[in-house]
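Novice: Generate the whole structure from the sequences, applying the supplied hints.
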Amino acid sequence: MKDTLNGIANYRKWLNAQKRAFSDIASDIAENAAKVNDSVHSFISVDKDEILLKAGNVEKSGHSGALYGVPVAVKDNICIKDVLTTCASRILEGFRPPYNATVIEKLEKAGALVIGRANMDEFAFGSSCETSCYGPTRNPWDISRVPGGSSGGAAAAVAAGQVVASLGSDTGGSIRQPGALCGIVALKPTYGRVSRYGLIAFASSLDQIGPMTRNVEDSAKLLEIIAGHDPKDSTSVDIEVPNYSKELGGGIEGLTIGIPGEYFIEGIAKDVLLRVKEAMEVYRKLGARIVDISLPHTKYALSCYYIIAPAEASSNLARYEGVHYGRRAKANDLIDMYIKSRNEGFGPEVKRRVILGTYVLSSGYYDAFYLKAQKVRTKIKEDFDAAFKKCDIILTPTSPTTAFKIGERMDDPLSMYLSDVFTIPANLAGLPAISIPCGLDGSGLPVGLQLMGKPFGEATLFKAAYAHEKNNIN
Amino acid sequence: MVKVDSDMTDHTRYETVIGLEVHLQLNTRTKTFCGCSIKFGAEPNTQVCPVCLGLPGSLPVFNREVLNSGIKVALSLGCDIQKTMKFDRKNYYYPDLPKNYQISQYDQPLSGRGKIGIKLEDGTRKEIGITRVHIEEDAGKLLHSETDSYSLVDLNRTGTPLLEIVSEPDMRSPYEAYEYLVKLKQVLKYLDVSDCNMEEGSLRCDANISIRKRGAREFGKKVEIKNMNSFKAVREGLLFEEERQREELEEGRELTQETRLWDEDKRVTVSMRSKEASHDYRYFPEPDLVPFEISADLVDGIRRAMPEGPEEKKIRFAAEYGMGEKDIEVLTAEKDIADLFEGAAGLSGDRTGACNWVKGEVMMHLKERETDVKGLKLSPGNLAQVIKLAGEGKISNLVAKEVLRESIDTGRDPYSIVKDKGLEQVSNADALGEIVSKVIRENERSVSDFRKGKDAALGFLVGQVMKLSGGKANPKVAGELLRKALT
Numbered sequence: 006m007k008d009t010l011n012g013i014a015n016y017r018k019w020l021n022a023q024k025r026a027f028s029d030i031a032s033d034i035a036e037n038a039a040k041v042n043d044s045v046h047s048f049i050s051v052d053k054d055e056i057l058l059k060a061g062n063v064e065k066s067g068h069s070g071a072l073y074g075v076p077v078a079v080k081d082n083i084c085i086k087d088v089l090t091t092c093a094s095r096i097l098e099g100f101r102p103p104y105n106a107t108v109i110e111k112l113e114k115a116g117a118l119v120i121g122r123a124n125m126d127e128f129a130f131g132s133s134c135e136t137s138c139y140g141p142t143r144n145p146w147d148i149s150r151v152p153g154g155s156s157g158g159a160a161a162a163v164a165a166g167q168v169v170a171s172l173g174s175d176t177g178g179s180i181r182q183p184g185a186l187c188g189i190v191a192l193k194p195t196y197g198r199v200s201r202y203g204l205i206a207f208a209s210s211l212d213q214i215g216p217m218t219r220n221v222e223d224s225a226k227l228l229e230i231i232a233g234h235d236p237k238d239s240t241s242v243d244i245e246v247p248n249y250s251k252e253l254g255g256g257i258e259g260l261t262i263g264i265p266g267e268y269f270i271e272g273i274a275k276d277v278l279l280r281v282k283e284a285m286e287v288y289r290k291l292g293a294r295i296v297d298i299s300l301p302h303t304k305y306a307l308s309c310y311y312i313i314a315p316a317e318a319s320s321n322l323a324r325y326e327g328v329h330y331g332r333r334a335k336a337n338d339l340i341d342m343y344i345k346s347r348n349e350g351f352g353p354e355v356k357r358r359v360i361l362g363t364y365v366l367s368s369g370y371y372d373a374f375y376l377k378a379q380k381v382r383t384k385i386k387e388d389f390d391a392a393f394k395k396c397d398i399i400l401t402p403t404s405p406t407t408a409f410k411i412g413e414r415m416d417d418p419l420s421m422y423l424s425d426v427f428t429i430p431a432n433l434a435g436l437p438a439i440s441i442p443c444g445l446d447g448s449g450l451p452v453g454l455q456l457m458g459k460p461f462g463e464a465t466l467f468k469a470a471y472a473h474e475k476n477n478i479n
Numbered sequence: 081m082v083k084v085d086s087d088m089t090d091h092t093r094y095e096t097v098i099g100l101e102v103h104l105q106l107n108t109r110t111k112t113f114c115g116c117s118i119k120f121g122a123e124p125n126t127q128v129c130p131v132c133l134g135l136p137g138s139l140p141v142f143n144r145e146v147l148n149s150g151i152k153v154a155l156s157l158g159c160d161i162q163k164t165m166k167f168d169r170k171n172y173y174y175p176d177l178p179k180n181y182q183i184s185q186y187d188q189p190l191s192g193r194g195k196i197g198i199k200l201e202d203g204t205r206k207e208i209g210i211t212r213v214h215i216e217e218d219a220g221k222l223l224h225s226e227t228d229s230y231s232l233v234d235l236n237r238t239g240t241p242l243l244e245i246v247s248e249p250d251m252r253s254p255y256e257a258y259e260y261l262v263k264l265k266q267v268l269k270y271l272d273v274s275d276c277n278m279e280e281g282s283l284r285c286d287a288n289i290s291i292r293k294r295g296a297r298e299f300g301k302k303v304e305i306k307n308m309n310s311f312k313a314v315r316e317g318l319l320f321e322e323e324r325q326r327e328e329l330e331e332g333r334e335l336t337q338e339t340r341l342w343d344e345d346k347r348v349t350v351s352m353r354s355k356e357a358s359h360d361y362r363y364f365p366e367p368d369l370v371p372f373e374i375s376a377d378l379v380d381g382i383r384r385a386m387p388e389g390p391e392e393k394k395i396r397f398a399a400e401y402g403m404g405e406k407d408i409e410v411l412t413a414e415k416d417i418a419d420l421f422e423g424a425a426g427l428s429g430d431r432t433g434a435c436n437w438v439k440g441e442v443m444m445h446l447k448e449r450e451t452d453v454k455g456l457k458l459s460p461g462n463l464a465q466v467i468k469l470a471g472e473g474k475i476s477n478l479v480a481k482e483v484l485r486e487s488i489d490t491g492r493d494p495y496s497i498v499k500d501k502g503l504e505q506v507s508n509a510d511a512l513g514e515i516v517s518k519v520i521r522e523n524e525r526s527v528s529d530f531r532k533g534k535d536a537a538l539g540f541l542v543g544q545v546m547k548l549s550g551g552k553a554n555p556k557v558a559g560e561l562l563r564k565a566l567t
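Note that the protein sequences, when read in sequence, are chains A and B. Heads up: the first sequence begins at 6 in the numbering used here, then just goes up one per residue. Heads up: the second sequence begins at 81 in the numbering used here, then just goes up one per residue.
Since the hints were made in silico from the structure, they are not lab data. There may be inaccurate statements among the hints.
Calculated lysine-lysine pairs in the PhoX-like style (CA-CA distance at most 25 Å, straight line) [unchecked claim]: (1) B/Lys474 - B/Lys454; (2) A/Lys335 - B/Lys221; (3) A/Lys237 - B/Lys119; (4) A/Lys345 - B/Lys221; (5) B/Lys166 - A/Lys380; (6) B/Lys265 - B/Lys394; (7) B/Lys454 - A/Lys384; (8) B/Lys163 - A/Lys380; (9) A/Lys237 - B/Lys394.
Sample of chain A residues with no beta-carbon within 10 Å of chain B, all distances over it, derived [claimed, not checked]: (10) Val328; (11) Glu354; (12) Leu366.
A virtual CB, placed ideally from N, CA and C, is assigned to each residue, including glycine.
Specialist: Okay, here's the thing in structure tokens:
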């Protein structure tokens with residue numbers, strides 16, 4: 006089954022050759038997913054009945070959809086109508102949204118077999134998938150290691166061959182970093198490219214849904230389907246969605262690739278650096294021009310992010326208090342109910358960020374923290390604007406290291422936060438960025454290469470990523 | 081110059097400073113950030129959707145109708161409209177607020193300063209400054225069980241558009257505050273953007289009041305009063321609070337900045353929370369709504385389409401109809417009254433008649449029924465018919481009043497009422513002759529009084545004719561017939 010699910014084209018070829026009902030195929034997919042899940046735990050749970058119910062709808066939808074029958078895992082923070090959607094948090098225990106996220110509507114219209122409950126860090130707060138209240142997901146390359154996070158389950162499910170593709174969400178690297186650590190293609194689109202309606206908010210000005218796939222072609226195809234303006238999301242932008250797949254094949258001669266000195270810092274694993282440099286060589290040989298650029302405010306990105314993201318999160322998560330839905334603690338009065346429900350419902354990392362966010366928005370601290378961080382955010386954006394006058398895309402490592410051991414960074418939030426040091430700037434600037442596999446380190450773990458593009462420049466990213474995929478020696 | 085304190089009474093030694101915050105519920109078709117209806121009185125939790133329920137993953141989308149109404153109000157108060165529309169989140173926990181933040185406007189409100197004119201007790205005019213007008217969403221309602229320890233939440237009202245209209249601390253007495261509210265309501269009613277009903281909560285008012293030594297530059301400690309549910313309550317609450325603060329100071333106690341609630345039954349204000357316990361709302365820009373430009377074209381378009389306001393109407397009525405100030409006050413008090421008058425005057429061609437009927441009978445019915453013009457089933461056309469019937473002498477004034485009452489009750493047109501009931505005035509001498517003879521026969525004393533030269537006795541006899549004719553007799557003709565018969 007693992008090879009069968011390796012990419013949309015392979016899967017479709019296999020599917021077309023099958024002489025049985027789609028529900029039988031879906032049943033096999035569900036059983037395979039459940040079996041693999043015992044060791045990887047990429048899904049919080051695999052609900053076979055639910056998958057068969059959805060398979061019935063797929064069958065009824067006809068065979069014409071671009072994603073007909075393609076199993077797509079969905080991170081547990083994207084609402085699927087009547088399906089448990091909990092952000093891997095106790096506080097949303099039992100919550101079944103009465104509506105579909107816009108991306109789910111689009112996937113189902115294209116005929117995809119949507120499978121929910123891909124594991125994640127609680128409320129997407131984390132870089133290792135270890136803060137899930139349902140226990141960690143393991144990296145299919147080495148199950149003693151983390152898959153990255155927060156979309157760790159979505160990444161692992163693709164890497165482990167449980168599904169053909171996944172939808173994750175990326176606030177500071179939550180699609181790209183697990184993509185890198187699991188050796189798959191992972192795209193964070195431009196802010197506003199994909200509707201956030203139905204994505205349970207972490208930090209509204211940074212969140213973006215994106216595809217996680219086995220290859221670049223699938224990434225392009227999925228983005229074509231889920232992108233576009235949505236009247237239900239005022240932050241989604243009304244710009245036509247290009248036919249990304251069609252533009253993949255063209256050469257990249259003359260493409261200018263910027264290398265920001267600020268990203269090649271101490272602390273990057275030796276093998277990561279080597280693989281990334283090899284990737285530069287691949288591009289050089291294909292006729293791209295490699296130029297040095299500078300993004301001088303990069304060093305402030307992490308601190309800026311850890312003010313803005315928790316600030317928005319503290320407000321976004323205020324609604325979870327047991328009054329209207331989710332988990333309600335037994336209590337004596339209203340205040341007691343708020344306190345107990347939140348205390349019992351949230352894990353330690355959520356509490357840490359809510360407290361942090363509440364603090365930086367408090368009167369007397371707002372100017373020194375939130376307002377200053379917004380100014381830094383503007384500076385970071387301006388860095389990119391200036392850089393993109395000199396180059397078409399920017400190349401960096403996705404993550405300073407390959408997959409680390411489960412438990413290794415749990416007691417050290419700062420080292421955990423550093424996992425996202427290269428991915429955060431693209432969120433702050435709203436830019437598209439893709440992580441693609443570029444070989445393995447000495448332990449046989451995948452290394453990720455990050456390409457960042459101009460706003461709505463996904464087509465260029467896909468083209469460059471595709472060229473690397475076809476010419477990579479690793 | 082300030083006089084010395086010694087020869088002043090308590091009441092002139094202190095100056096009261098009042099500012100009001102008015103919340104106005106707009107009567108748009110749908111809520112501020114979703115497509116749910118805002119109709120009042122539906123079954124609890126039936127006018128809701130994922131957005132106004134604040135369900136995880138839902139996002140707000142701004143209803144532009146709210147912006148249009150907001151601009152109308154701001155323009156009518158002479159405020160400048162901001163160039164950019166930007167929302168902020170106001171964070172606080174309460175079960176009637178499902179997101180636990182309210183989408184509001186903080187540092188860039190819809191409008192800047194404006195003003196409104198009120199009339200003082202001595203007849204002079206005073207301008208009260210408007211600080212700002214901003215848009216925000218309403219919360220739901222809690223229903224507390226009287227017997228058990230639970231509360232129920234109704235979220236139908238959640239997300240209903242509100243305008244907050246904040247005044248400058250320009251009012252110097254509860255009377256001025258009351259006049260400000262009356263004037264503000266009049267202006268707002270003219271715009272037809274809200275029901276402006278304080279009892280139903282579509283208009284709400286919180287007051288800030290402080291007192292200071294007359295002549296002092298600094299403001300005293302500010303007290304916010306909430307829970308005043310009528311204009312009268314605002315005046316009474318402020319009068320109470322003014323007196324309470326004065327007494328505190330007189331007795332040498334310090335006032336504290338706090339929020340107090342008006343207790344309607346006990347007629348007192350009660351402390352709710354002190355400044356220390358006040359909320360830190362942690363305002364920050366609402367990231368789910370992108371700021372957008374309010375174009376000059378939009379504002380100009382709304383300005384051009386603005387209905388005539390009360391002040392403009394007064395000026396026009398004076399010029400067009402040459403009316404006295406008192407008549408104008410009554411006829412322009414509400415837009416619907418003015419429209420009824422103008423409609424009836426135009427259709428009947430009798431402006432004086434229309435003015436008198438509206439001022440008299442129509443106002444009497446409004447008061448008697450405790451309703452507004454919309455609550456009467458009286459169209460300008462029907463009122464015009466009454467005016468014409470009476471003016472042309474086809475029915476007596478007495479009958480006209482009854483016809484008007486019936487038309488108000490049933491909505492039927494007066495011509496039909498008069499025809500069906502045969503109420504036409506009788507001016508025909510033959511038809512009245514018999515009644516006149518009967519009255520002369522049965523009222524010997526009045527007859528002899530009249531013959532002795534008491535002219536007033538004739539009036540009584542005419543009255544008897546009217547009575548016997550069921551109000552249909554033309555009193556002028558009846559008088560002439562009596563005079564002829566008795567002399």
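Novice: Taken at face value, is the distance from the CA of B/Lys119 to the CA of A/Lys237 at most 25 Å?
Specialist: Given pair A/Lys237, B/Lys119 holds - Cα atoms ~23 Å apart, limit 25 Å.
Novice: For B/Lys265 and B/Lys394, compute the direct alpha-carbon distance and say whether it is at most 25 Å.
Specialist: holds (16 Å)
Novice: Taken at face value, is the distance from the CA of B/Lys454 to the CA of B/Lys474 at most 25 Å?
Specialist: violated (28 Å)
Novice: Would the non-interface assignment of A/Leu366 survive a Cβ cutoff of 10 Å against chain B?
Specialist: For A/Leu366, whose nearest Cβ neighbour in chain B is about 4 Å away, the distance does not exceed 10 Å, so it is violated.
Novice: Has the given pair, A/Lys345 with B/Lys221, been kept, meaning a C-alpha gap of at most 25 Å?
Specialist: holds (24 Å)
Novice: Need the status of pair B/Lys454, A/Lys384: alpha-carbon distance at most 25 Å?
Specialist: Violated, at about 58 Å.
Novice: Given the hint that A/Lys237 pairs with B/Lys394, test it: the Cα-Cα distance must not exceed 25 Å.
Specialist: violated (46 Å)
Novice: Next pair to validate is A/Lys335 with B/Lys221; report whether the Cα-Cα distance is within 25 Å.
Specialist: holds (23 Å)
Novice: A/Glu354: least C-beta distance to chain B exceeds 10 Å?
Specialist: Check passes; 18 Å lies beyond 10 Å.
Novice: Does A/Val328 clear chain B by more than 10 Å, comparing its Cβ with all Cβ atoms of that chain?
Specialist: violated (5 Å)
Novice: Holds or violated: B/Lys163 and A/Lys380, Cα atoms, limit 25 Å.
Specialist: holds (22 Å)
Novice: Is the hinted pair B/Lys166 and A/Lys380 satisfied, with a Cα-Cα distance of at most 25 Å?
Specialist: Roughly 18 Å between the alpha carbons, so the hint for B/Lys166 and A/Lys380 holds.
Hint compliance for this structure: hints 1, 7, 9, 10 and 12 are broken, all remaining hints hold.
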